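Number of protein chains: 2
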Amino acid sequence: MQKLLYVQLGDQISDQIREGLYKVGERLPSVRELSKREQVSIATVNTAYANLEQRGWIEARPKSGYFVRRSSLDAVDLPETANLKPKPRHVSINELAMEVQRGASSKTGASFCAAVPDLNFPISKIIQRTYVSQARAGVTFDQGYDSPEGLYELRKQIAKRALEAGIRVGVDELITTSGAQNALALALRALTKPGDIVAVESPCYFGLLQMIESFGLKSIEIPTDPKDGMSIDALKLALQQWPIKVVLSITAYSNPLGCVMPNDHKQALIQLLQQYDIAMIEDDIYGELQFEGHRPKAVKAFDEEGRVLWCSSVSKTMDPKLRVGWIAPGKYYAEILHQKYVNSIALPSLPQSVAAQVMAQGQFDRHLRQAREAYRQRSQHLIDLAQMHFPSEMRASSPQGGLVVWFEMPKKIDATDLYYQCRERDVRIAPGELFSVTGLYQNCFRMSFAKPWTLESEQAVAMIGQQLKEMMMKS
Amino acid sequence: MQKLLYVQLGDQISDQIREGLYKVGERLPSVRELSKREQVSIATVNTAYANLEQRGWIEARPKSGYFVRRSSLDAVDLPETANLKPKPRHVSINELAMEVQRGASSKTGASFCAAVPDLNFPISKIIQRTYVSQARAGVTFDQGYDSPEGLYELRKQIAKRALEAGIRVGVDELITTSGAQNALALALRALTKPGDIVAVESPCYFGLLQMIESFGLKSIEIPTDPKDGMSIDALKLALQQWPIKVVLSITAYSNPLGCVMPNDHKQALIQLLQQYDIAMIEDDIYGELQFEGHRPKAVKAFDEEGRVLWCSSVSKTMDPKLRVGWIAPGKYYAEILHQKYVNSIALPSLPQSVAAQVMAQGQFDRHLRQAREAYRQRSQHLIDLAQMHFPSEMRASSPQGGLVVWFEMPKKIDATDLYYQCRERDVRIAPGELFSVTGLYQNCFRMSFAKPWTLESEQAVAMIGQQLKEMMMKS
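Protein chains in written order, with the working numbering: chain U, 1 to 475; chain Y, 1 to 475.
One chain only, chain U, in its complex shape (with noise of 0.2 Å):
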């Protein structure tokens, strides 16, 4: 009993610092004054701030009591556009990438590796019953192969979903794919041929670089500001100076700096394809994970011209191994029809029938809303462990929504060192030399905050900073 109280009482003050009844640097009650107001022993006060101390929510000072730590840090800086000097450069992201996604599954330690969502929601249960429902009732089971742009059912509830990022999309001007990255890869085949340029966002999501690489494309990375997104002036100068083919990037809470593209760049970008006559690849994988108000408008929601490809999937809302996404290719739909039928022919029908009864459902919309809320906790709680833990010289990202943290530290600090040294420890993270060829972000790593808290994962983090700290030390 004692035990359960005092967890009580410690999560109901942590409550109460995120809803903001405590602000940062507030003097919480005293011991005495808590254990008369929550009528609970001394002990059990005494015990539940130590704890809530350890885990980096307050901060005793001697003779004075208990207060609020400093909660939200200061974001990265924007790496310099003199710094970077944008060149396209054949991509080489080696095999850390694959041996980083296969970290992410598994079964003991601590994983903040994967962008995977926490797959313990009501949700799971949900699209689990729907499964057995919709194989019970023979949905689909009485046709062949599905058709080459996908379920009709699934497309229909997609291009409803899409209204609520501003694009107006008609069903048979989308096509299914096998997840995002699909989808993504479908598009990229499409537009471009081997030695053309893509534009992307730096730091870059891992994935992307490596389809670059496979492709035999070559990449440059445009500086992107950890709130704004994308550069536009640092686009514009590239595209002046480079026969840049095709604009990719994740819009909305992206991987990994969490940034969203504010509205006027969304369309300054959407000018700058007209002039330069080219196409953009817009990932939207995160748009429906925004910690608090409306989600994000697309950039293909200010596309009049067809020019961007709109790209999304169920795998961050619902559960990647349905492997269920999908693309609004615009005036490239029938190259993407094409791409699809050529490599696989047709998606599985009842993962996407699954889809989209679940998406159907009023289910799905609180699940969205319970999960908002649960990652910007955990988002939350993540930089103020980093805050108590890692060294006082880190800079980390203030993602608005999305699952990751994308954390500086000081450039003696090796993050593929750190990688390894975590691993040996069962604990995992996406070092930054993974999001760039460039080599610029050795000193950086990210962290997804998906899962819920637990004390093996917080103490993880801890060591992380021991590590962290040890590192500066010798250096």
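If you're looking for bench data, these hints aren't it; they were derived computationally from the structure. As the structure is a computational prediction, the values presented were derived from the model and not from experiment. Among the hints, erroneous ones may be present.
Identical copies look the same in the list; a pair holds intra-copy or inter-copy alike.
What the hints assert, rightly or not - Pairs of lysine-lysine, DSS-like flavour, derived with a Cα cap of 30 Å:
#1 K160 x K331
#2 K245 x K193
#3 K156 x K125
#4 K160 x K107
#5 K160 x K227
#6 K156 x K107
#7 K63 x K36
#8 K331 x K193
#9 K227 x K63
#10 K160 x K36
Position chain Y relative to chain U; hints supplied.
Just chain Y now, with coordinates in the frame of chain U:
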């Protein structure tokens, strides 16, 4: 009873003809003799003979009795190598192919156009029930993305079945794919770059030609014998003259010819691969659909250097909409795994688990035995009907497995015209134009015999024959 007896008697006689007991042109027992021998009435024999005549097995000659018709038809003549003048060409297959593919799922009329299996065998219900039970048990539901190489349990079952094709492959030497089409696409991507030359069969399954075109590759069509498959001599000649990068072949019950490469040809092929230091992509999707005896060995069974990439799927034996296939890529394992990962990260988990579970059950082998016999009978009936209704100058392949028959008409017949005429009457065939970029097969077409025969589909064959005869007269 009367009716049953004449059917029994008719089947007995047609079996005897098939088995060679009565040769082509041979006189059958007189009505009186047969009545005596089989202890049935004169009327029963008369009805049985009349029915066999109607179905194209036998013919009545006035005042002489009944005779066996020319029954197993001559195989399609091999296009002469001299005429073919193999040359690499830019493939250009038009949208007709996708239209033909779509026609397969038409709900009305008679569709002979796609090599899609019959989905009304009991196995379909077993697959459905397995989906329900696997979903209910939450199999794979505790994990995020499946691993890039694919579900372990499925790879284990595939490795077991590979032994039947003479292939010894470890569980960790297999990668699952989105059907065989996806396996072939991954293999072609990994082995070639745009402009490279791929050697294929002639005629060649149009899905492969479309893929080759879409990837910017050139194809060289190697003369293919309707019995023995790709000509090794012609391939040798082509290898001497052109820098062929990879050989792509459906080695068992090829689509469209139904041919099987003999084992000594397979060995000779392996030697050519070694001599020219190139790879082979083996498409083995029909390998388990032999009409009689044991399934053919794969070329992969003779491969000791890991040069053969063995591709197959459950699309022809279980259900195409599971989209479960695989590849044993030999020494190209790492490239294929990377290609799969980059293009779609992983497959959906549950369909893989369902396929594995069904394979592990004895019912799957029982199903295969049932399907093989059904397809054998349906194939024979298509050939019988064609013989009865099509112009006498026609030739047809005699497949010993698989799902299709290839018909060759006199040169004046345009099978693409025939396709459109049939489509107007809601009957679908696959015109020969699709199976080559050389224009060699404009007078040919492919018909699938997978579905059970109905009065409607039998009448459709008669209608096709009517169209053909009219075209013969007009021209």
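Results of checking the hints against the structure:
In this homomeric assembly, K160 and K331 come within 30 Å of each other (Cα to Cα) only inside a single copy, at 20 Å, whereas the closest approach across copies is 46 Å. In the homo-oligomer, the alpha carbons of K245 and K193 lie at most 30 Å apart both inside one protomer (9 Å) and across protomers (20 Å), since each shortest distance falls under that limit. In this assembly of identical chains, the alpha carbons of K156 and K125 lie at most 30 Å apart whether taken from the same copy (23 Å) or from different copies (28 Å). In this homomeric assembly, K160 and K107 come within 30 Å of each other (Cα to Cα) only across copies, at 28 Å, whereas the closest approach inside a single copy is 37 Å.
Taking the shortest Cα distances, K160 and K227 sit within 30 Å of each other inside one copy (29 Å), while across copies they are farther apart (53 Å). In the homo-oligomer, the alpha carbons of K156 and K107 lie at most 30 Å apart only across protomers (21 Å), although the nearest pairing inside one protomer, at 37 Å, exceeds that limit. Taking the closest pair of Cα atoms, K63 and K36 come within 30 Å of each other only inside a single copy of the chain (20 Å); across copies the shortest separation is 119 Å, beyond that limit. Proximity of K331 to K193 under the C-alpha cut-off of 30 Å is found in both arrangements, the shortest distances being 18 Å within a copy and 27 Å between copies.
Taking the closest pair of Cα atoms, K227 and K63 never come within 30 Å of each other, the shortest separation being 39 Å inside a single copy and 95 Å across copies. Taking the shortest alpha-carbon separations for K160 and K36, neither the intra-copy value of 53 Å nor the inter-copy value of 70 Å comes in at or below 30 Å.
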